[in-house]
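**Student:** Line by line, the protein sequences give chains A and B. For my numbering, add 1 to where a residue sits in the first sequence, where the first one is 1. For my numbering, add 453 to where a residue sits in the second sequence, where the first one is 1.
Hints are not guaranteed to be accurate.
Reference excerpt, derived from the structure (chain A facing chain B, CB under 8 Å, subset only) [said to hold, decoys possible]: (1) A50; (2) F113; (3) G336; (4) N338.
Computed cross-link-like contacts, DSBU-like style, restricted to lysine-lysine with a CA-CA straight-line distance of at most 35 Å [unchecked claim]: (5) A:K253 / A:K278; (6) A:K28 / B:K672; (7) B:K735 / B:K1475; (8) B:K512 / B:K849; (9) B:K609 / B:K849; (10) B:K917 / B:K776; (11) A:K125 / B:K1017; (12) B:K1090 / A:K28; (13) A:K187 / A:K454; (14) B:K813 / B:K568; (15) A:K392 / A:K253; (16) A:K182 / B:K1171; (17) B:K920 / B:K1017; (18) A:K453 / A:K377; (19) B:K1090 / A:K182; (20) B:K609 / B:K726; (21) B:K1273 / A:K182; (22) A:K28 / B:K1171; (23) A:K125 / B:K1090; (24) B:K512 / B:K726; (25) A:K182 / A:K253; (26) B:K1408 / B:K1273; (27) B:K835 / B:K917; (28) B:K735 / B:K1338; (29) B:K1110 / B:K568; (30) B:K1017 / A:K28; (31) B:K1273 / B:K1326.
No lab work stands behind these hints, which were simulated from the structure alone. For glycine and all other residues, C-beta sits at the position ideal for the given N, C-alpha and C.
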Amino acid sequence: MKRTNAYISGLLLVATMATSCGKDFLKEDPSVGVSVDGAILNESNMVEALAGTYRILDNYYLFGRNTLVWGDLLGDNTYISASNSGRLLPYNNYTYVSNNAENLQQWSQSYFAILQANRVIATKLPESNNVNQFKAEAYTLRALLYLNLVNYYAKPATVFPDADGVPVVTVPTNIGGALIKPARAKVSEVYDQIISDLNTAFTIMPETSSTLHANNTNFITKYAIKALQARAYLYRGDYENAKSAALAVVEKGGYTLAATQAAFNSYWGSNVARADKLETIFEINNSTTANNGQEGIDWMYSRTNFGDVLVTDDTYALYAATDIRRNLIVQAPRGTNTVNYINKYQNTANADRDEVKLLRYAEVLLTLSESYYRLKDEGNARLYLNMVAQKRDPSLVAYTFTGDELFNAIITERRKELAFEGLRFFDLKRLNVDFTRQNMGAKAYTSFENVKKTDTHLQLPIPELETANNPNVSPNPGY
Amino acid sequence: MDYRIHIENGLRISRLAKMAAVCSVVAGTLAASTNAYASAIRSASPLSYTVMSVSGIVKDAAGTPMPGVVVAVAGTSQAAVTDDQGRYHFNQVPDGATLVFKMLGYVTIERPADKNVINVTLQQDVRTLNEVVVKDGYRVTTVAASTSAIGSVNSKVMENKPFATFGQTLQGQIAGLSAPTTSGQPGAALDIRIRGLGSLSLNSNPLIVIDGMIVNSGKLGYNMTTANALSGLNQNDIESIDVLKDAAATALYGSRGSTGVIIITTKRGKSGKTQVRVDVEKGFSSQMAPPAAGRPLSGPQYAELFREALKNGGATQADIDSKAESYGLNSGKYYDWYDLVTRQGQQQQYNVSFNGGTEKTKIFGSAGYYNQEATTIGADLKRISGLFNFDHELNKRMTLSAGINVSNVGQNTPTSTNYSSNPTWASRALRPFQRPYNDDGSINSNTQGETNFSSIYNPLWIVKNDKKYLSETRLLGNIKLKWNIWDKLNYTSYFSSDYNTLEETSFFNSTMGEYAGQKGRSKNYYVRYFNWLTRNQFDYRYDFKGVENFYATAAVGYEAQRSKEYLLAADGIGFPAAHDGLTALTNAATPVGTYGQYSNYSFVTLYGLLDVNYRNRFAINSSIRRDGSSRFAANNKYANFYSIGGTWNVHQEEFFKQQHILSFLKLRSSYGTTGNANLGNYDWVPQASYGATFGYAGLNGQQYNVIGNIDLRWETAKKFDVGADFGFANDRFMLTVDYYRNNIDGLIRQVPTSYTTGFGAVNQNLGAMMNKGWEFTLKGDVVRYNDFTWYTNFNLAMNRNEITRLPANTPVLNNLYYLKEGYNYSTYYMKEYAGADPENGDPLYYTDGTHSSKTNNIANAQYVVLDRQAIPKYTGGFNNVFSYKGITLGVDFTYNLGYWVSSNQDVYFTNGSNYLYNKYQYIYDNRWTHQGQETYVPKFTTKSDNSVSTYRLYKGDHIRLKNISLGYDFKNINIIRQWGVNKLYVYGRATNLHTWTFDDRLPFDPEVSFGGADSQGMLQFKTYTLGINVGF
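Start from the sequences, fold in the hints, and give me the full structure.
**Tutor:** So, in structure tokens, the structure goes:
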């Protein structure tokens, strides 16, 4: 009996040993992550990876705040109040340096998002409408990120196409390796990549949308691709193509401007994505559960929150009293002064916060107008200019300008229409002009008034950690 | 006395022991020659030989027959070895000759051969008992055959120590092992280093093996910063601890042996009369006051500095007066916060064990209760533990052993790192004028006003109302079958499982504290580890024909281990303020988060051992091991490790007899490779993750957010060791000397990457460093005079660390240290402070390392590579037992010399700009106050600079009187035997009685972490206990 027991226990132990000889014994997978090589196995995974990419765009270091705030602050629309929360101060004064943390984040989060987009693009799932659509969205987001990077970190393509742009990485790190040290591509090469990505995206984007995610302004749609491409061509100074892309949106996109003041007000008061093609082409979702809290762009602007970033008096003065857009600026006291608060983000008190608008139909119309002007078709230029201007100011008599006056009217309309949406600085750069940032005196934190077109600070510094870790990237001059 | 025989059950081992005994015949007779031989000559008539037969039984003190004892007839070549029943027999012994009974680990006895039956009882030679058998987890060898550097301590050292974890007892016992107690929290996790820093990025703690099981050790919980996975182990259940240091021993653990291995063996039963033992110890703990330099200031002293800081900082008198008023300086009410957060703690432990059995079945069982209150309020530990070990001979060829160890630890732990709730921090930082109690005597919980608690919380309130509790339940079991398949072939099958659960509950009250703003918070963590290991090993012995005692032993084995961790956690805020008893998480108004995840690892191993022994003169040990681990990618999953060691027992040689100083001399050396796989279970995996912060527009979101590295490998150490063991006075005491070089390659470092990859750094195997050093141990009865013996264990270790390779462009400034090839990893790199300017009291700094000029602007001072390091150059212990007729006096010292310490938070307690915090006494005593004053401490002002410099670097050298005990053994008093008691030992003990330090400015206890930094951990304390051990 004893002997039997012994043999049984011996056998049990041998059996235990045998189970551990299995081939998979040493294979352990994490429970809070999936090996990246097997992370996208089907279309649903693709949507998830795409959602992860969109979410990075909403990061407050990117389009959730800094990218857009800088776009006006570095330009001539806004300034930081003397009474402030301490955020982004160097960007009020043009005193940012190469180890500035926000600047590093702008750079690193952009590439982090590009990494995610690259991963979706590199997916090797069999071609289908869904797969094509998700890849098209990823291509478009990648283009958006590169367009943003090349405009912040490089000289304008309109003047310096051969200047240093930014490194172009199109392969995800799990394939390309962690030790790559890419050099900066030329500005024109970065634009080539952007245009090519958008062409690919437009080509493969199916006419009918996938049902795997919502079909609304929170996601890139077929004519959002063209709208972004119109912007890219315009920034590059390729007006023929800018015109074609913009015209495609106008003719086939089906977008409209708000017809009435009530509709306009209701449009800006809304905090949800749209499916009615009114005004917005693409905007980043901020929901009850996924938003930037007090670090969002809305808190920086809203009178009832930080309200650090204010509208210069010059900018406010651009709007006629009858311009319905003037309601998007609120004059109210801050301490002993009366200042102009931005009111494009009206839902800071709601759990579901404002979407962040990145592409609007009005921009496409004004791009079209400018392109026609550049192509010497002033009639069409006036047509599309007035289409926007008269919608926004019902009492405006249609512009009849020609020549430089017309051009200035287009640029000013663009400034008024897209103010506080982060695009003014890029316009100033591509126009290659000296400009004045109004000195707001005691109302302002400090002031840096006159910006020469040669100022090296018009290009943000390549982050110190990038130039240190990657010797192939040359720093921007002046830092 | 309750000494235990050290004979393991199982055929191979008893055979080995027998071998060792036989082999020592030659040495034994000759070593004894000076006395026995001479007396034999004297007493035996050279002319007339009468011969007689002599036989008898040799037993140990417990009356158990002892096999393997060498019995020699002095002056002749006759020798015998006792059989399994302890019997010996000689046919022809010259009348009047002397019989010498000798066995390693026992006191040698000589008896005149004056009758036919001579039964003897051998007393254990306690002092060298642990030298007899060395265990490395895979084989058991004798000292003679071992080629390894292994340090051992036995049960005598471990038993009845008022320390909650065994690591505290180990400190100072073994050369080259360092285990500083950095927190006074009973049951706090302890970092152990064997032969210096084993890794830069990975865990450097040694592998811990309990009865063959490789356990999960260290800090296993999530919420407690100081919980120790092994605090459930009752030290009274430990038979021995063997510390493996060199390659010959640690290479057996392959990929996990690089940082050393600690083998813990629990007590097992032995045959013979059942013995019951009861140990009771009770006492109290009292504060171990900080050094005089670091006492917080009294109220009047603080008030003086407060005003002085403002005045020197340029404040107007009106300002000073109004501030002094609002901060309560004029109130006359001031308190000693150090006294308020400390107390006298209680301390007790009870252990009951029994042990006994028959030839075939042996059992050991124990139950223990341990309760310790720290001297810091709110900190305590309670442990109940049980051990049951069982050995049963199934038949002549098979032995089954099993053991189960159960424990529960309940531990209350005040916050230790987050300053604001940490009582230690509070005792140093709170102003004496902050009021602990309201006028009605209740605890002050007001967070408004300068005499209340607007930033640092009232520790009395926090301790009373917050909870940080850990309940750890552990079940460690093993079963082992040994099967002697045929004569020289043995098979051992082993299985062990370690089931460990940690329930951590924390509660933060809604009135004052970290989460008062959220109306209180509770976090609950449930962590479960299930870890199993199986090992199957064949052992074979081959005797070379024609040469006696020339044999080889070989073993091959296969091992597999898997550990699974499961975490379930929940977190909620919003607690009813009016019911301070309602702390359970269920009461929370708002859930904050829920977490569930697991984390697993597995190892498989194929190993082989080959040992050759030539008459115990020469021996070679070698091992080879192939490890596979889940912690690496497919192409790096497997790696090989090997070792070879050789020894020469010089005392076996003829020429050795020419001298009479040494009784034993052994030279040994080993070389081999080991690894360190202490990295995270999934660190290598490039991962895409999901989570609430990745989702978008209601969709689940996935991001590639862990860069991983599929090329990550083990860190590998090439270890070389050469050592010698010298025995003196018949091996009564031994001197062991070791020199080692440990070349660690493939150190994992974070290598910065281009951010265009989406990541900022990637882990790579790119660094290398060298640890080399000397170790000395003098151990044994250095004095034995009549009934007086002085046993000592003096050990000294000197380790030098040197970085030999780093990734390109590694910045040299590494926190406080200079990180560069050719330098010790913990070399301080700081600006040098040069004292206060006698003219104006400004702090002065040397502009550079030449000390040629000084500046009062720290920006103009250069960083200097200092000849100071954070890790002690000399570490060790000096442990003594003086015995005289049953009276035993134990005096143990530990020491750490040649290092410097600092504290990140020191700036609050030294600098005038932080005048709202209390200050160290030395600041008050030595600050510059008048022109011409030469002093170290600059003028006390709110405008002082907070930059790091050598101003706040202190010499950490210290010698600690760790343990002093005085006991009396009543064994020789007949009356107690009549009560059925065969052992009665009574003792008193004190720990941490005194610490000698060598820096007048040192403000805190210098026993700090290996980084040289005090981190406001809980204060250590002294214990005073009385104990009684009773054996039946």
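**Student:** For this structure, which hints from the list above don't hold up?
**Tutor:** Structure breaks hints 3, 4, 25.
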